[in-house]
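Given the sequences, and given the hints that come with them, work out the whole structure.
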Amino acid sequence: MTPAAEEGMRGAGEAGGRPISIDLLTDPAGVPRARAMLQRAQWAARTFGEFNKDTVDRVVHAAARAGAAKAREYAEWAVRETGFGVAEHKVVKNLASSTGLVEAYAGHDYVTPRIDPAAKIVEIPRPAGVVLALTPSTNPVATVFVKALLALMTRSAVVISPHPLARECSADAARTLAAAAEAAGAPDGVIQVVDEPSVPLINALMADERTSVIVATGGTAVVRAAYSSGNPAIGVGPGNVPVLVDGTADLAKAARRIADSKSFDNSVLCTSESVLIVTEAAAGTLLRHLKREGCHLLEPADRDKVRDLVFPGGQFDTRFVGKDAAWIAAQAGIRVPGTTRVLLAPFGLAVPEEPLAHEKLCPVLGLVTVPGDQQGIDAARAVLRIGGRGHSAAIHSASAATVMAYGAALEVLRVAVNAGSSLGAAGIETGLAPSMTIGTGFFGRSSVGENLQPGHLVQWTRLAYNNDPAEAFGDFAGLDPWTAHTGPVPPYPVASNLRETSPPAERSPVPVMTPAAGEPDSLRAEIRRILIEELRAIQRGGLGG
Amino acid sequence: MAEELIAFPSKGEMLEASRQFWNPDKTQFWVDSGVPLVIDRREGYFIYDVEGKRLIDVHLNGGTYNLGHRNPEVIAAVTAAMQRFDIGNHHFPSLARTALAEALISTAPAGLTKVIYGSGGGEAIDIALKTARHATKKRKIVSVAKAYHGHTGLAVATGDERFAALFLADRPDEFVHVPFNDLGAMEQALRGRDAAAVIMETIPATYGFPLPAPGYLEGVRRLCEAHGALYIADEVQTGLMRTGELWAITKHGITPDILVTGKGISGGMYPVSAVLVSEAAAGWLSEDGFAHMSTFGGAELGCVAALKTLEITCRPEIRSMVFYISDLLGTGLRAVQAAYPDWFTGIRQNGLVMGLEFDHPQGAKYVMKRLYENGVWAIFSTLDPRVLQFKPGLLMTPDLCGELLDRVAVAIGAARDDAASGRRQA
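Residue numbers (numbering that gives the first Met the number 0), protein chains in the order written: chain A, 0 to 544; chain B, 0 to 425.
Keep in mind that the hints are not guaranteed to be accurate.
Unchecked claim - A few chain A residues that don't get close to chain B, going by computed Cβ distances all over 12 Å:
no., residue
1, R79
2, G82
3, D108
4, P186
5, R287
6, V335
7, T339
8, P345
9, E410
10, A469
11, A471
As the list claims (entries may be wrong) - One side only, chain B facing chain A, incomplete, derived with CB under 7 Å:
no., residue
12, E72
13, L210
14, G214
15, G243
16, R314
17, E316
18, S319
19, F322
20, S325
21, N349
22, G350
23, P397
24, C400
To be clear, the hints were calculated from the coordinates, so they are not data collected in a lab.
Built from N, CA and C at the ideal position, the CB exists for glycine as well.
As structure tokens, then:
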């Protein structure tokens, strides 16, 4: 039942009688409001697309600083709201995804036209327009930061639809960035967020003609839905990261990096290691180092308890997403040292029916021992057949030849080398683009094979001159089609006969209808409960991102 | 079924029947004006003539279609309501009327506490005037010359004599008209302390939206307080976010004693009007609640339509869009004006309330005709035909605004030539 029907008929239930059929109603609850957001975003994008580089820089820096200033607050909030991860580690991600991100792209320009006299081509950057950003529960605030800032850097407006489990912290983070951006001169409505995300709402927004591009980070179902929407989409699939350690590696460093990475944010990143593959020659030493780093090798009986706990019936139980190792061990009824931060679960063969060979968004790390490098590469390929194609892998080796062979053999689009995968593949400890949104490319049924970056949200109008040498190239030096902006955009609608005389009035808040005139709280709660159940069901199809 | 009931062999025969059975003068007027419009389909901001011609509607019946024609959300609300409700029984407390009253009061300027319903704007104005008379025990009503507040018994007397004298409904002894933007004249009218109320459209629509001079309305409000008269804000055309605020009067910092809304309040799907009154003015509702009765006043289907309309209108996104649209259209119209400064002489604008002034006593009629040819429907101001009323909708898209401006620029240029050549466009 829509709010409309409810508003008109408040109390009708008590009076008895037939409820009004849902078939009569055009849109599920919340959808019309969200469609209005897209239209407002369209207006904002239209104006924002005319901003020059200086104005855009001012906006981007203001938003990034506002996000960074609340990095800790949002880290704690996200852990509190979702129950996933480690606040301390989320602080790192939030900083890397705000001011860190802006620093990483400081030398880049997605606003000013590029002039190539040799090719006789001028390239004018054209923003995507309205970006619909779906953000996950596992990296909620960091992903909101990244997507909002990428949109700002490229002059698009963004409507964020957060995962329902991380709804409140994500929405607040989006509003913080929006307020800072607008205070710095960004158009009103440049960053908006859906407060009550739901499956029908997301589907409606994804298919809306006002959506220019969908950037979907989330489970497989959401990503496939994005690609099926009829609109351009950048969707990224789940990971299942193999990490190979060979005999040439610095095993002490490898052990520390793997332990740090696997335990980082309790392994909620989709770039986190899933299966450790080690050659027999290196295994003994590596395991000793791993033990010192807080990785507890499970005995077969304990391994089975953990497997049965985390993969009941062979399916990953999302209750364990982002939980720490000691808690999982306690749930499994096994004793581990107090310093344990990763549970090492050995198994023989990476095959689909082996649950431990699947993605585990918790600090349980599969362990496979292989006779040599080639068998290690084969095992890694086997892990990726099970899941995570196109995503990430890692290797610890001093042999360039092995690294090359590994990279050429695996169906992934990034390999973190001698670095933890969590932050390595995400571009924070490597030279890759810093992002929590990892393109899985054609291997992983995505249009994008790189880490999400500003360039993905901008296209270029190319002015291409006749290549006949007799036709001179134009003199474009100093020509900039964009303009500087100061003051609120759009301006407050002051009466035309007052425009010259009075300063713009303050924006007064929109009057809010009383809750009594909207949906009854009980109905709202019930709808939310149903929708969250639906989302959980979808989630079981994969939580990657 | 509906098509069978209303089908005619041709547009010509339909117009002939309209002359014969409906309104001969009005039917002929539009034919003579070059706007032979018989509206058939309608959707969003488009209306289609029975012969298929598409027009962008920037008349909107004075804001009735603020949210577009046949807004899908309003349709859904009314359709759902019809499965259970009809207009209701006006004597009894009702779910829909109460819910709407609460929503109106919660979004209204502070101090307005009760809602009285009518079925249309004129009735609502009559209710407002009767309420003021009851509260003050005075008869005199002050309005501005060329005002327009409707055609019912009391409302028509507040307006231009064109509509009152014809029906012998003018009552100069009780209804005093003073020039707009003239505080001295207003003080003169109120000085005797015998006026029950001043009734003001925040921007007089039918007079071509002349803007209140800086401080004028505020001054009127002060004079009302000084001389014991109530201030009635007629927000039928200026309310409902058209100026970027839900009620335009709040842009002046004025809390009226009575506020009247109609037209757009129910999304153009089912008529309803409402009078919001302060506690001090609402005395008759406690003294004799049956004193004003209206079978269709506050019809429940209309209340449901209004609840939905108000909810949509109050979304923050809509207000933001109004800012954008008024900025884009204002800028675009000023560019057109720069091309024809001697012809297109003024733009009166407060948000999406706009009056376009032309340098000819009937200038807006020339422009209206050319706009029609170019696919835009906008109406001249009845009481000042130099001025075209230009009332774009709240949900206009950037593309539609661009298309509108293109059409308007061409039409205004062509109308200038028409007026200059002196040809009577009728």
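Which numbered hints turn out to be false for this structure?
-> Violated hints (numbers, rising): 4, 14 and 24; every other hint is consistent with the structure.
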